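Enquirer: So the protein lines, in turn, are chains E and Z.
For the first sequence, our numbering gives the first residue as 64, with consecutive numbering after it.
For the second sequence, our numbering gives the first residue as 30, with consecutive numbering after it.
If you are wondering where the hints come from, they were derived from the structure by calculation, not from laboratory data.
If you're wondering where the values come from, they're calculated on a predicted model, not measured in any experiment.
Quick reminder that beta carbons are idealized off the backbone N, C-alpha and C, glycines included.
A couple of the hints might just be wrong.
[What the hints assert, rightly or not] Some chain Z residues judged to face chain E by a derived CB distance under 7 Å, without partners named:
#1 Leu-37
#2 Ser-39
#3 Ser-54
#4 Thr-68
#5 Leu-93
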Amino acid sequence: MAETRKLTLALAGNPNAGKSTLFNALTGSHQHVGNWPGKTVESKRGHFRLDSWEMEVVDLPGTYSLTAYSEEELIARDYLRSDNPDLVVVVVDASNLERNLYLVTQILELGLPMVLVLNMSDVARAMGLRIDKQAVSQQLGGVAVVEMTATRREGLDELRQALMNLAEELPGKKGSRRPFRIDYGPEIEAEIDALVERVANRPVISQGLEPRWLAVKLLEGEPDLLRSLEQDPGAKDILEVLRSAQQRLEARYPEGAAIAVADKRYAFVSRVVAESLSRPRQAPTTLSERLDRVLTHPLLGVPIFLGVMYFVFRLIVDVSAPYLEWVDYIFGEVLARWALAGIGALGAPEWLRSLLVEGVIAGVGGVLVFVPGLIVLFTFIGILEDSGYLARAAFVMNRFMSFLGLSGKSFVPLVLGFGCAVPAIYATRTLDRRRDRILTALLVPLMSCSARLPVYVVFSLALFGPKANLVIWSLYALGVFMAALVGLLFGRLLFRSEVAPHFVLELPLYRLPTLRGLWFHVSGRVGRFLRHAGTVILAASVAIWFLLNMPWGTASLERSWFGSVSKAIAPLYRPAGFGKWEAAGSLLAGLVAKEVVVSTMSQVYLGGEAQASGSGEVDVLADLKEVGAGFLSASVEAGKRLLDVVAPGWRPLSGTGVESPALGKVLAVQFTPLSAVAFLVYVLLYVPCVATLGAIRGEFGHRWASFSAAYQLVLAWIMAVGVYQIGRLLGLG
Amino acid sequence: MSKAKEFLLSAAAEGDVVILRGFESSGRQAHRLAELGLTPGIPIRVLQAAPGQPILIQVRGTRLAVDRETAACMRVQMHRHGPRRRHRRRMGRGRRGSRPWSMGLRGLGRGWWKSGRHRPPDEEGHGGNS
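Chain E extracted, bound-state conformation:
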């Protein structure tokens, strides 16, 4: 068939059911991240071809039911209800069939064409569970059921076949499809019947949805529906019928109609499970249970968690450092030399050479140096996420978080904040209460994100040599400490409500992260960083280069526009020990993104130097050889360091630290150790970046964004000045 037909396919399922893994398996690299229309919330879409079909896949946020309790669930529900996807693939954790099937029944009631994926069937098999696919299908009204292990791509062909079959049937079936029904028992059914007719005639709420589904939702007391009914003057009778129905049901079911409906649905699900699932007589003690005995232990849990975090950050700093030097060599020397030679051969004007080498290569290169560190960081955050340990960390840390008036769930966005604040702020959507979301979002920027790491690394390697690790580690710790302090303060001052948040969190089974899954995490996030470097940071570098060279042909950087502005604000930082225009200017530029602090410093301090090394013969082959050799020796060094972290003391520490990159040598002259620490503290605490403020603004409005920016600027200044002045009193300066 030559003609391609387009279909929209929504991926739905409980959290932790393996939706994202299936999404990656289906779409491969054909993915893009965008926003939900009208919202700042991230949506993942992708596409793949299936015979003559072009499938557009929408990855919905994980949800336990179609009653929305958090914003993520609201998105999933609204999409399924109003956007009318052509097909829905519901991903179900086969090792946890009962709870997962609850959502399935709700989506079936909506009347959407569905393929049911029993994912993680390897786990189910290991637990001794045997699922009769045919029986599940039969019980659920003939829905297509596919067994899968998405992590190993098992069952993928079967799923594609099932999707194809369903797609072929679609046009004829629409409308004539036999609706799926759960028998809610005579009392509830009578009330449903009474409501169905009235609801079907009110276009305000029916909007082409199954009237029966709407009637059930009304009985459950769905707030949105009730609101639209209350606004509709012609719907008074429906509300009256509903009220009396709920009263009658309450007499029969003391816990209320909503819980009675949930109970009946679960009763139905239990029957499905009883018909289709056989369990071993003696449930084996799973590895997850045994692991949890230690990892969520009341006494051991917290020390283990802190140990894990310490280990991760040691790895990031230690293992990536040798590569850092290597990438720096490529950009700072090899590429700069090639570019100069190339441009010289073309006879380009002097200013273009300067723009290319001092602006673009120094600026972007200064940031790309940190890609190795980011790869390590994102790998570990991926492992924490995929293994299921992050949920345990939230559980273990709940008592500390409740001290701040937050629940352990807020902990997950905070850990993600170590990677990047922007997705971390989006991750607050999993929290139930708006108060918790805002407070968490205010604290996220205090978690030292990966963009700040380059600044720490350059400074601490330059000024503290062998003690660099200690400095970096302390900065991370300071961020966490300040978050606790600020959280305590804001929790009491801004949000008075003393009611502790309710904390109900599923602890999924532990899973071994797969290389494929980690690859998607790392490549996606590093890819975003690289795009960032190629766009925002490149633009910022070029802009700063212009500001540095304006008015045209200015002799000294200090008298450039950039220099004048920086000079004007520099005195503000004098009490903190870095009241020089170069430092102030870099901080100003760092508002674009924290990495830009480093790239600006490269331009300001090194601009002239790079030029000097630019004249000379270019021997491409020798350079490439050198680059290759550099990579090998960096890998050997990283391997040694890895051993050192895994088995401390195994290798006697050699005195030779990493050579600080070119910028470091200048910094060692420009800063004293004390002023460097004050500077780093400022970098840690001041406004993260425009993107983060944008995310906060999108989620909570401009007032909270301004508040976030203001409190961080004040906090950073106070802390930096405090560090410098106290240090001087102690005679450290």
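Dock chain Z against chain E, hints included.
Expert: Frame of chain E; chain Z shown alone:
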């Protein structure tokens, strides 16, 4: 079904198996719990109950961490006491299981918060949840 006294889930001890009877709070929170599988009549196994931490329960094959306040919204009935509690009553503190690192440490945690807790009357449940 037994006629055992009802108490709040927050007072259950590690290893207990209890039956959910109803909710103290109404409205959205109870509905949320019900949708997660905590419907009246369902057996709940208490996997971990330590001071200061949420309690860890198993219900319908899912493990859920539930904070104390939420647990205090659920009325339950004793179905079967946790095995270790009975052992300890008989044998005192010295008993250690085959996994000394878990049993021993659990014993450590248990004494802390015992006083002042509401205990349902002893009742030997039979059968179990699966």
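Enquirer: Hint by hint, say whether it matches the structure.
Expert: Now the hints, each set against the structure:
1. Leu-37: violated (15 Å)
2. Ser-39: violated (13 Å)
3. Ser-54: violated (9 Å)
4. Thr-68: holds (4 Å)
5. Leu-93: With a minimum Cβ separation of about 6 Å from chain E (threshold 7 Å), the hint on Leu-93 (chain Z) holds.
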